[in-house]
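Trainee: Protein chains in written order, with the numbering used here: chain A, 1 to 228; chain B, 1 to 228; chain C, 1 to 222; chain D, 1 to 222.
In case anyone wonders, no lab produced these hints; they're calculated from the structure.
Any given hint could be a false lead.
Here are some, though not all, of the chain C residues that point toward chain A, as calculated from beta-carbon distances under 8 Å [said to hold, decoys possible]: (1) Ala14; (2) Asn56; (3) Val171.
Computed from a predicted structure; not experimentally measured.
Even glycine gets a Cβ: it sits at the ideal position worked out from N, Cα and C.
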Amino acid sequence: MINKFRDSVDEVLADIPDGATIMIGGFGLAGQPIDLINGLLRRNLTGLTIVNNNAGNTDEGLALLVKSGAVRKVICSFPRQVDSWHFDKKYHAGEIELELVPQGNLAERIRAAGAGIGAFYTPSGYGTTLADGKETRTIEGRDYVLEYPIRADFALIKAHKADRWGNLLYRKTSRNFGPIMAMAATTTIVQVPFLAELGDLDPENIVTPGIFVDRVVQVDSTNPKEHS
Amino acid sequence: MINKFRDSVDEVLADIPDGATIMIGGFGLAGQPIDLINGLLRRNLTGLTIVNNNAGNTDEGLALLVKSGAVRKVICSFPRQVDSWHFDKKYHAGEIELELVPQGNLAERIRAAGAGIGAFYTPSGYGTTLADGKETRTIEGRDYVLEYPIRADFALIKAHKADRWGNLLYRKTSRNFGPIMAMAATTTIVQVPFLAELGDLDPENIVTPGIFVDRVVQVDSTNPKEHS
Amino acid sequence: MSIGHRHPEKLTRAQMAERVASDVPAGAVVNLGIGIPTQVSNYLNPEHEIILHTENGMLGMGPEAHGDDVDVDLLNAGKLPVTEAPGCSYFHHADSFAIMRGGHLDIAVLGAFQVSQKGDLANWHTGEPDAIPAVGGAMDLAVGAKDVFVIMELMTKAGASKLVPELTYPVTGLGCVTRVYTELAIFDLDRSGNVRVTETYGGVSVADLCDMTHLDLIDATE
Amino acid sequence: MSIGHRHPEKLTRAQMAERVASDVPAGAVVNLGIGIPTQVSNYLNPEHEIILHTENGMLGMGPEAHGDDVDVDLLNAGKLPVTEAPGCSYFHHADSFAIMRGGHLDIAVLGAFQVSQKGDLANWHTGEPDAIPAVGGAMDLAVGAKDVFVIMELMTKAGASKLVPELTYPVTGLGCVTRVYTELAIFDLDRSGNVRVTETYGGVSVADLCDMTHLDLIDATE
């Protein structure tokens, strides 16, 4: 019997090694797998590459992981925010590497990794400093930049409901990077507040099929709306 | 008020010109927009390019369109079947052009058109006669073929339910090419058996957002299961 | 629209947002950038059913949420809590940016540091050497929407025009801006570099604007 | 598994399907090609929860549908009506082929005209000049699955081996086949061209198979 349900956050993260590339879902608080991030912090790893839309905010989650020195490199679209002081400090000290990627190219490069696409031509970023040194091509009169997939060893994401095959539903804009990161990582780890019996999720509505998911851990949600 | 509901099949097809490129959804009977195809047949057009998984079967729908002489070219993955006699005859007579595309490249090229991707490297078809004359590239030790988007002037698809914004639900494997063809065509025309009030389709479950849909016409379904 | 062109007063930021709103056709699908562009939503006619896109995965975004309506799973691109409009739908990030990059949005409304006469946009980076760069979805919005409308003050505090012959700030996207709304005038742009002034405010003339911008502007106010 | 290796009888097609089924690990995600490969599903242990993928947009496909269960909106890749298994899910064609091309399927089981010793696959076209070509998802399945298992008769009716040094039929995919199940033997392949015989049937020896295939086979039957 396929059973991807696991008992604890610490268990699902136990085999992540130093130097791993880890995708972390979420856009703002929506879809942020905060319990998995905190579990990652407890692992005291080093040399990590983190793929996320941002680079950590305030004094929690990814920001603390950055502060801890666990993170060697961040691949993201929007590191600088009013409350990104831990990243800012590491960056100015030259202690963290930044690969800045336009948000849509970030999403498409993650999808490409999951979809087996070797590279693709995107118009986003053409003529900007973010395309410096990259191959370009004009196709039917439009200018494009060649971009390559972003893969990861692990993806940490948050969903709304999961069954034991790993089929996932999300909730509102917390869907964001979850489905594509699940496709792009060798091992996908999901935190959800709610578990479902196999067959209880409507097959028409499943957003991430279980084939993309390896481990599911149930963690209570702090969002009261998620319980309603 | 946005209202994409239209009154008749003939009305939604009235502006398709000779020489148009038309995507037609469906895989087998599932998702085949048979009433729209029959309407297209009544238009007596010429010089059409049809994008479909197949090239028409038995004596109905797309096969009759091929037989009628309306079709100049077919872009598809699987034209030859035991009951594809109308296409076979036209092909052997040199009266129809065939662009044969591996099914996954067909799907990805259609998606690329909808997603604004200029071209992409795919491993499918590498080293085969279907890649003859195409650019290739080795990326991280794997061999890829460069493929370009397939766009269309019109897409004719079938969905299960639509609201007046054109938001769509599909049913089981009739989803197939519908969502990506809707993205890739300048004008997307949908037949559905069921209409919904705006706001009645669960926003989590909408598969094709209305932004990709231009016209919706209600046509009764001949599948008794679709009414259950 | 309550603000006639050649209005004797300069437009306030709120009036600029209102002026943009009046140019959005009924039923259009629109992405409003962070800052003043977001205020455009305050002036859209609800009967026009303008559909708002937010790049973090939603079409049919409703107004900002307050009080009991706040749901941290329902945020806009500025990470503020919002609500649902009837007919809304959710999708993941790759699909959301496919909507943008694929040219399906009718209009993106963005802020800018500079716009060039050919419609090049600079709005993501000041170019200061020690600034940490952050781009978000700016470059994708720039290349994707059918029309890119910019709202910005025409003049910097130092008195320099932000509508320029050539960008001096880092590029966000080339040849993408189709119209610029400022406190003094509205400018229609095209990729060949022709700039047409369609409306003026604060009593300035097109000749005044030519002096201010160092551009050879076309008077299209009549 | 009821069929021991070095069985004195050749395998029937049904037995070949059964033999493949016994090699599919519990919980694997599998795509079964049209023809004999489809029969593999008859021999899968239901307790193993093998998840069947069909490229027209479904994971968790159940058995063929009959009578009142037939629903023309629920078809397999061969366009036959099928059913749902609990836990199934639907998706569109681009997502379905992303599953294949992205390397997420554990096993694809396919038929073949020929397989080369390096795992090159020919199963889409006979190469006859007047034949209308049709490829379907064959090339995507060939490149995508972690393992590609082929079920085929080893020998043509004319007595030629279909396991060959180099393909003479048009290529479907290069270096993709990892194992070949035939009526006389099972062959493990790798991209360097080493072919290991792991089981034989019908009383043939590895030496016999070397003669039949004109290949320098490695005896791995012990």
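Trainee: Next step is simple, just say for each hint if it's right about the structure.
Mentor: Hints versus structure:
| no. | hint | verdict |
| --- | --- | --- |
| 1 | Ala14 | violated (24 Å) |
| 2 | Asn56 | holds (4 Å) |
| 3 | Val171 | holds (5 Å) |
When each numbered hint is compared with the structure, a violation occurs for hint 1 only.
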